[in-house]
Structure formats: structure tokens, C-alpha cells
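J.: First to last, the sequence lines map onto chains A and B. Under this note's numbering, the letters of the first sequence match residues 1 to 486, in that order. Under this note's numbering, the letters of the second sequence match residues 1 to 200, in that order.
Honestly, the hints are just simulated from the structure, not real lab data. Note that the structure is predicted; figures quoted are calculated from it, not measured. Note that the Cβ used here is the ideal one computed from N, Cα and C, for glycine as well. Where hints are given, some of them may not hold.
Simulated restraints, written as ranges between beta carbons of each label pair [said to hold, decoys possible]: (1) 213(A) x 48(B): 45 to 53 Å; (2) 49(B) x 316(A): 25 to 33 Å; (3) 128(B) x 313(A): 42 to 50 Å; (4) 4(A) x 196(B): 36 to 44 Å.
Derived pair list, reagent style DSSO-like, types lysine-lysine, alpha-carbon separation capped at 30 Å [as the list claims (entries may be wrong)]: (5) 400(A) x 342(A); (6) 374(A) x 400(A); (7) 171(A) x 142(B); (8) 3(B) x 19(A); (9) 125(B) x 323(A).
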Amino acid sequence: MAVAKTLAEKVWDAHVVRKGDGEGANAQPDLLFIDLHLVHEVTSPQAFEGLRLAGRPLRRPDLTIATEDHNTPTLDIDKPIADLTSRTQIQTLRNNCAEFGVRLHSLGDAEQGIVHVVGPQLGLTQPGMTVVCGDSHTSTHGAFGALAMGIGTSEVEHVMATQTLSLKPFKTMAINVEGSLRPGVTAKDIILAVIAKIGTGGGQGYVLEYRGSAIRALSMEARMTICNMSIEAGARAGLVAPDQTTYDYMYGRPHAPQGADWDAAVEYWNILRTDDDATFDVEVDLDADTLEPFVTWGTNPGQGVSLSSSVPSPEDFGDENAKAAAERALQYMGLEAGTPMKDIRVDTVFLGSCTNSRMEDLRAAADIIRGRQKDPNIRMLVVPGSARVRLEAEAEGLDKVFKDFGAEWRFAGCSMCLGMNPDQLEVGERCASTSNRNFEGRQGKGGRTHLVSPVVAAATAIRGTLSSPSDLDPAPESAAIRTDAA
Amino acid sequence: MEKFTTHTGIGVPLRQSNVDTDQIIPAVYLKRITRTGFEDALFSAWRKDPAFILNQAPFNAGSVLVAGPDFGTGSSREHAVWALKDYGFKTVLSSRFADIFRGNSGKQGLLAAELAQDDIELIWKELENAPGTEVTVDLVSKTVICGNIVAPFEIDDYTRWRLLEGLDDIGLTLQHEEDITAYEATRPAFMPTTLPARLS
Numbered sequence: 001m002a003v004a005k006t007l008a009e010k011v012w013d014a015h016v017v018r019k020g021d022g023e024g025a026n027a028q029p030d031l032l033f034i035d036l037h038l039v040h041e042v043t044s045p046q047a048f049e050g051l052r053l054a055g056r057p058l059r060r061p062d063l064t065i066a067t068e069d070h071n072t073p074t075l076d077i078d079k080p081i082a083d084l085t086s087r088t089q090i091q092t093l094r095n096n097c098a099e100f101g102v103r104l105h106s107l108g109d110a111e112q113g114i115v116h117v118v119g120p121q122l123g124l125t126q127p128g129m130t131v132v133c134g135d136s137h138t139s140t141h142g143a144f145g146a147l148a149m150g151i152g153t154s155e156v157e158h159v160m161a162t163q164t165l166s167l168k169p170f171k172t173m174a175i176n177v178e179g180s181l182r183p184g185v186t187a188k189d190i191i192l193a194v195i196a197k198i199g200t201g202g203g204q205g206y207v208l209e210y211r212g213s214a215i216r217a218l219s220m221e222a223r224m225t226i227c228n229m230s231i232e233a234g235a236r237a238g239l240v241a242p243d244q245t246t247y248d249y250m251y252g253r254p255h256a257p258q259g260a261d262w263d264a265a266v267e268y269w270n271i272l273r274t275d276d277d278a279t280f281d282v283e284v285d286l287d288a289d290t291l292e293p294f295v296t297w298g299t300n301p302g303q304g305v306s307l308s309s310s311v312p313s314p315e316d317f318g319d320e321n322a323k324a325a326a327e328r329a330l331q332y333m334g335l336e337a338g339t340p341m342k343d344i345r346v347d348t349v350f351l352g353s354c355t356n357s358r359m360e361d362l363r364a365a366a367d368i369i370r371g372r373q374k375d376p377n378i379r380m381l382v383v384p385g386s387a388r389v390r391l392e393a394e395a396e397g398l399d400k401v402f403k404d405f406g407a408e409w410r411f412a413g414c415s416m417c418l419g420m421n422p423d424q425l426e427v428g429e430r431c432a433s434t435s436n437r438n439f440e441g442r443q444g445k446g447g448r449t450h451l452v453s454p455v456v457a458a459a460t461a462i463r464g465t466l467s468s469p470s471d472l473d474p475a476p477e478s479a480a481i482r483t484d485a486a
Numbered sequence: 001m002e003k004f005t006t007h008t009g010i011g012v013p014l015r016q017s018n019v020d021t022d023q024i025i026p027a028v029y030l031k032r033i034t035r036t037g038f039e040d041a042l043f044s045a046w047r048k049d050p051a052f053i054l055n056q057a058p059f060n061a062g063s064v065l066v067a068g069p070d071f072g073t074g075s076s077r078e079h080a081v082w083a084l085k086d087y088g089f090k091t092v093l094s095s096r097f098a099d100i101f102r103g104n105s106g107k108q109g110l111l112a113a114e115l116a117q118d119d120i121e122l123i124w125k126e127l128e129n130a131p132g133t134e135v136t137v138d139l140v141s142k143t144v145i146c147g148n149i150v151a152p153f154e155i156d157d158y159t160r161w162r163l164l165e166g167l168d169d170i171g172l173t174l175q176h177e178e179d180i181t182a183y184e185a186t187r188p189a190f191m192p193t194t195l196p197a198r199l200s
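Could you put together the complete structure from these sequences and hints?
T.: Take a look at the structure:
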């Protein structure tokens, strides 16, 4: 009998180019083959430059794909990029891709968009693959049962030159989510609750596997939302075993296997699950039945609570470091302990980012706002994750729903998630954001971020204060709230 | 990469947990296409506050950063390591590092030394009581010395060996190019390639 393995261990073992040699001071870790390398403008220029200086070719352009996302404007994309350093960085990517033969989807192209939206959409992300990118949210691709992780620029150069990575072995953690989500509770709430439970460092050194009936019931896009934020719990990678939901999502996508290849692929994908008798180093349980919409109050993604509760007090934390962090966070966020979360008034609502910018996210938000009025003091930005998501949304008339509501309908990119382009918060501006990080200054210097799901973002835009869909009066033409969406 | 065996320099106590890479270097500085010249970017938001530790002598001349747990969380930006190095830091001490940051440090010759939180607390007190105290970080013996404090630290053996020898990762891997080529020949045909592009 073969040794029982977890899914992550199976994917790892299938990619070992060279076993690490043994113990001792200079023991080398396993060298793993990389199936897909995603590239964007921010973390690649120094890697390409390194190749050039060393006179090395890019080994596998056919396993590499680039897109422009972090810096790109979401308005006036037909004009030259106004910010000169951004324009230079984008132009550098274009020059590098041309020089090294890398496929690039530039601003204006129908396949341009956030790198983690583009890969799955093209069918390039598949079960059992190793996927890397110079971006920590590469964990997104784990939703397909791929071992996917963010890497630094030195590692980007290493993958370009060798199509491999030397990786330290990891431990495994099961996140068991059993039960069924109530209406208005989504994948985003699951992952925010997981991070609040295990902390921003809880997953360090681990690969997470999300399991249980609540995960199995989720769509692929919802699973991507969960895996996306694995890094916010400190885990470089998080994954979900592939199943019929995965296959249905993949079938017919441009780069999905076809014909006999499809059958061979499915046969392989079917073995990609954790063996019944395999053990995880750690198991964490979360009850989906009792979960409520979740929201962050502080300046790291672990500082979150149920939307129906109040801003915690630093005294609530036993650990001295956590207490000090809470004090500092409350000061930065301009919040008083004990304030009900739902009394917090926001200025801006951002619907977008690699966490929540796919079709289901846009549909879920549109279903809430359709036929309702935006709070006049709220500015709302809707930024589709990719040009193709934007096109599909427009084909469904969602752009009209958002525009009628008074939201701004933008072109695709990372946008206000990290404010590298002009989409930024002002000092002191408070934002309900469907993105992934509420760090100090993340969305703009002095900006204050509350992480929320798309349906909470939509309800907040209507009421002007942090709100869940259940707080809303019935809409004239009320649409059902989708619980399957992220 | 430069070899790292031992380093002695002024210790900087940064009493804060969850120092994420957006704080180490805000995204606005990531638009550059060079690998050096990021010293002005390090902690740039916090450095606007005159009370911030790096705005005070002698800490502004520090080269050993002693930080709270979960240092380097968040974004994968290697710029965080470049900025620390460009400012003059040779090593960061913490009780817990984010995985990607730790990996990036190892590639760039910045020593990320993992100490027990109790030892970090002792070193913080020492550095606050006697500003300008030098800290010695000895990679050979995996020990930190600060005043009367002698504390062991952890680092994985492979990274330690590479730092001690100053080895280039890509060069090491390319010694095994035959293994890579052999692996490539065994990849299943159903695995996707990005080229040629297929239409949606």
C-alpha cells in the first residue's frame, strides 16, 4: 500500500525534479518543477534585468504569461498613462516580454486583467499544477487543487531561468468548514472568520486545505475568494480538492484540455484528493451554520468581528503584543471601543480586487442594489477583475445597474486594492472594500479600510454605514441574495 | 551574493507586531524598475513622524532591526528586503517571520534570525535602556549577543549555508539542468501551455 498523503503532498511529489540531498548543514531542499509562471509589471523588471545581465534565456516562455494590472489606470485607458513612473514600468514589461518571447496581455486587450483572474479564466490554471507569480495572492489558484504560491523577485528570476524552485518543505493544515451558509453569508465571511481565528501568522509554514460540506457547496469563484486570502493567514498556499464543480468550470475554456486529453486529465484529477487515512499536522474547525457576515475593524486582516458586534477594546486581548496592536489600530482607524460596527459610517465603497471582482461578485452586488438608491454621500467604485469580466458584465447589463445606482464603472485592474494607480483613498477617508488587506495606508496614505464581502459592500453603499443585506428594506424589485457567490 | 558570517551593529528596537510589507515599503515605491536606491522608501509613512525610532540618534545609524512577531507579512514584494538593505540593515531579529519575506531575505543576503519572543523582549529592554548598544549576530554559531544577553536563533540549514558561502541560487540549480530536462520529458500531454494562445 502506498503511504497515505494529503492533496498538497501529492501535488508536491508529482513535481519533484530532484530530491533534496539528505540531512546536514548544506542539505538541499527539493527542487520542484513549475507548470505555470504568471508575470506582471511590478515584480518582474529586476528579474528580467537579472537574466539579461547573466546572459541567460527564459527557459520556458510557453509556460509563462504576463498581464498588466497593478499600475494600470481604470479610466482613460485609450490615453498614455499619465503617471510617468507607471508608464515606464508598463513599457518595461512590454519591452521585456517582446525580448524574451513572453505572451503579454496589455491594457486594452480583451484578456488583460488582474493576473489571478486571467489565469483561471483562460483555463491555464488546472488541478494538480504548480503555479507561481511574484504576487502573494497567487494562492488564489489553489481553488483548483493546484499548489500555487507567491514568490519574490529573486525567485521570479529563478523560475524564468530554470522553470523550477527550491522549496522548503511545508506542514499541512486542514480547515474544516461544515454546515451551510445562511443567506447573505459568503465565502469572504468564511475566510475572514478563519483568519480572525488562527491569526495573521497562524498559517506560517503551512499549506492550508479547505475541506468540508460548506466548501464543497461553493462555486469555483467562491473557492478562489477563500484560497486568495490564505496568505492573509500567513500561509503561502491554500487549496481545495478538485471535484465536479471544478471540472464544470474548466470545461471548454480556451486552454482546458480537449478531446482525449480531457479524459486523461480528468482521470488524473480524480486522484487529487487527500487520502482518507492521511493526517494533517493541524486541523481547524469552523461552523458554517452559525457564521455571520464578517468585517474587519483594525489594520490587519486578523482583526475582524461579526458585523452584528462592536469594535473590541484592547483590554479584550490577553497577549501584550495583541493589546498594543489593537490600541494602535483603533487610533489609526479613528474608532472607539464598544461602537457597534453597524454604526460606522463610510465614505467609499470599493468592489474589486483579485479577491472579489469576478462575475459572481458583480452579480451578487448588483442583485442587492438593483432598484435601490445609493447613499448620496458614498462614492462607489466597481472595478471588474479583467477586461473579459467587464465585457461579460456589460452583456448582462450589470454596468447599467451599477451606473443607475450612481457607482463608477471602471476598466479592469488591481485599482484601489493597493492604490498604485490613481484610485486611492484620501487621508482619513473610510472605505468598505472587497479587497484583501486593511493595512495602514494600503489603499492610500491615511486611508481606513474595512474588509467586507461584495453583498456587505453593496448594502453599505445603500445605507451609508457598514450593513448587511438583511438590514435593508425590501427593494421594489427585490432579487434573491445569492449565497453561492464569493 | 555577499557572504554573511557575523555582523555587529547598533540595534534598533521596533516594538511592533505584524509589521507588514506595505509598512516596510508602501506600494508607491514599487513602480521603480531598479533593484537599488530604495533607502528613502523604507518605512516612509512612519518616518514622517519625528518620534519614529529611525528618526532618533543613534538608532538612525542602526543595522540590526529587532522587531515584534509576524514581521514581513502581506505582499510578496522583495522591495521590502531591498529597502532594508539599502538603508543599512544587515539583519532582522523577530520571533516569527512571514514565509515569503523570510525567503526573499535569504536570496538577498539579509539575515532573518528567529529568536524566542522572551529573548526579543530582553534585547528590546537593553536597547531602550542603553541606546546605541551594539548587537552581534553570529551566523556561524547561530547566536545573538547584546550586552549580557546571549540568545540562540533559528535559521534553516540550507539558507544558512548559502549565506555563509554567498552562493547564487540560479547557478546552483543550473548544475542540475539534466534533471530538469528529464522531468520536462515526462510531463503529461494534457498539461496546458500558454503558447500558442488559444481563442476564447
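J.: Indicate, hint by hint, whether the structure satisfies it.
T.: Hints, one by one, checked against the model:
1. One distance hint, 45 to 53 Å for the beta-carbon pair residue 213(A) and residue 48(B), holds here, with the actual separation near 49 Å.
2. Hint check: residue 49(B) to residue 316(A), Cβ distance near 27 Å, so the stated range 25 to 33 Å holds.
3. Look at residue 128(B) against residue 313(A): about 27 Å separates their beta carbons, and that is not inside 42 to 50 Å.
4. In this structure the hint that residue 4(A) and residue 196(B) lie 36 to 44 Å apart at CB holds, the actual value being about 40 Å.
5. Between residue 400(A) and residue 342(A) the alpha-carbon distance is near 28 Å, which keeps this suggested pair within the 30 Å criterion.
6. Straight-line distance between C-alpha atoms of residue 374(A) and residue 400(A) comes to about 14 Å, which keeps the hinted pair within the 30 Å bound.
7. With a CA separation close to 24 Å, the supplied pair residue 171(A) and residue 142(B) stays within the 30 Å bound.
8. Our distance criterion of 30 Å between C-alpha atoms is met by residue 3(B) and residue 19(A), whose separation comes to about 26 Å.
9. This hinted pair checks out: residue 125(B) and residue 323(A) have alpha carbons roughly 19 Å apart, not beyond 30 Å.
When the structure is compared with the earlier hints, a violation turns up for hint 3 alone.
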